[in-house]
Structure formats: C-alpha cells, structure tokens
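With the first letter of the sequence shown counted as 1, position 43 gets the number 42 in numbering that gives the first Met the number 0; the numbers rise by one all the way through.
Certain hints may be false.
Taking lysine to aspartate or glutamate pairs in the EDC-like style, the calculated list, with each CA pair at most 20 Å apart, reads [what the hints assert, rightly or not]:
(1) K159 with E121
(2) K112 with D124
(3) K67 with D188
(4) K81 with E121
(5) K2 with E164
(6) K112 with D122
(7) K1 with D180
Because the hints were derived from the structure by calculation, they are not lab data.
Since this is a predicted model, take the numbers as computed values, not measurements.
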Amino acid sequence: MKKLEFFYDVSSPWTYLAFTNIQPLAREEGAEIAYRPFLVGGVFNSVNPSVYQQRDNPVPAKAAYALKDMQDWARLAGIGIKFPPSVFPVNSVKGLRALLWAEEQGRQLALAKALFELYWGEDKDISREDVLAEAAARAGLDAARMAQAVNDPAIKARLKANTDEVIARGGFGSPTIFVNDTDMYFGNDRLPLVREALRRS
Numbered sequence: 000m001k002k003l004e005f006f007y008d009v010s011s012p013w014t015y016l017a018f019t020n021i022q023p024l025a026r027e028e029g030a031e032i033a034y035r036p037f038l039v040g041g042v043f044n045s046v047n048p049s050v051y052q053q054r055d056n057p058v059p060a061k062a063a064y065a066l067k068d069m070q071d072w073a074r075l076a077g078i079g080i081k082f083p084p085s086v087f088p089v090n091s092v093k094g095l096r097a098l099l100w101a102e103e104q105g106r107q108l109a110l111a112k113a114l115f116e117l118y119w120g121e122d123k124d125i126s127r128e129d130v131l132a133e134a135a136a137r138a139g140l141d142a143a144r145m146a147q148a149v150n151d152p153a154i155k156a157r158l159k160a161n162t163d164e165v166i167a168r169g170g171f172g173s174p175t176i177f178v179n180d181t182d183m184y185f186g187n188d189r190l191p192l193v194r195e196a197l198r199r200s
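All chains, full assembly: derive it from the sequences and hints.
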C-alpha cells in the first residue's frame, strides 16, 4: 500500500487544515497514513528560529493576507478557525503525549480532531487539564488514564524521538508529510503535490 507519514502538532492552524484535508485524499489515492505527533516548538528552537522573528516583526500586508488566506482555506475545508486564539502560542506538549497514548487505544484520530476543534474552533486552552479531559471525553477515552499517561517516561521519550526524527529527516515545521519514506512536503497547500506524488508511485 502507498504510505504517507503525517508529522503534526495540534498547535498549528495550517496543520488543522492539512489534517482535515489529507484524510479524504489518502482514501481516494489508496494510501495509508501514519500519524506522528511531534513538538513543533522543539523543531523551531533547533532548526527554524526565524518563525519567532516573523511573529515579533510581522510584515503588515503579508500578515493581513495570511489571515485572509487561512479563512479561505478553512471555508473550503468546512472547518472554523479563530486566529489568533486567546492563548497563542499554546503549550501543546501534554496533548501531543496524549495522542501517542491514544494511538495505543486506537483513538488517536478522534483525540486529534477533538484537540484541533477545541483549540482552533472553540478557542479553548488545550494546555489546561479540564480542556484535555473534555477532549478525552469527546474521543471516547478515559480522562484519568490519559492524565496519567502524559507523565509516562516512555510516552515522553516517544514524543522526543518523533521530534528528533522529523529534524533528522529535514523537517522544519508542522505539518511535515512524507510520501513513501523519503519524499517530503510541508504544509496544507502542498497537498496537491502529495496527491501527484502518490499517483506517480
């Protein structure tokens, strides 16, 4: 089967768009997706600090267009994105660890959808324990078990390994998508190229 790897952090609105859009694409092209949560802040700190510089000193015309562009994409995808949310950037590390635990329960996609919707659609701070518990409930997961799992050293190590891996493979932000292991694409707007790569393969 054709293979897609989707490295993602729920703290990115463009990743919410790509998460929504890549699922029907994969079904249509007969591809299997491996979802790989990672900490995008760790990537920025290591290889892409220019993100912070752009946040601190935005180009006004470019920033205004980026907001319009995001809303155009959101409308096309049929989702709501409030930007910026009340808490931005958000500390997503517990949510990302929870996603790795949810994968073991067969519920990673459901939890990711809940986290994206709560943060970007409903403007709730996903670093808070009560919001994480709400995400767990929406995903059909036990909130108490999930709260325990995010402190599991093995789960922490897996998140760090995913973050280190995406850097080692040339990634610099979220989402980073690989087609058949080596062909890398970055961002929601590259999905037409992802589709073409799958067809070539």
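Against the structure, the hints come out as follows:
no. : hint           : in the structure
1   : K159 with E121 : violated (28 Å)
2   : K112 with D124 : holds (15 Å)
3   : K67 with D188  : holds (14 Å)
4   : K81 with E121  : holds (8 Å)
5   : K2 with E164   : holds (17 Å)
6   : K112 with D122 : holds (14 Å)
7   : K1 with D180   : holds (10 Å)
Consistency with the previously given hints fails for number 1 only.
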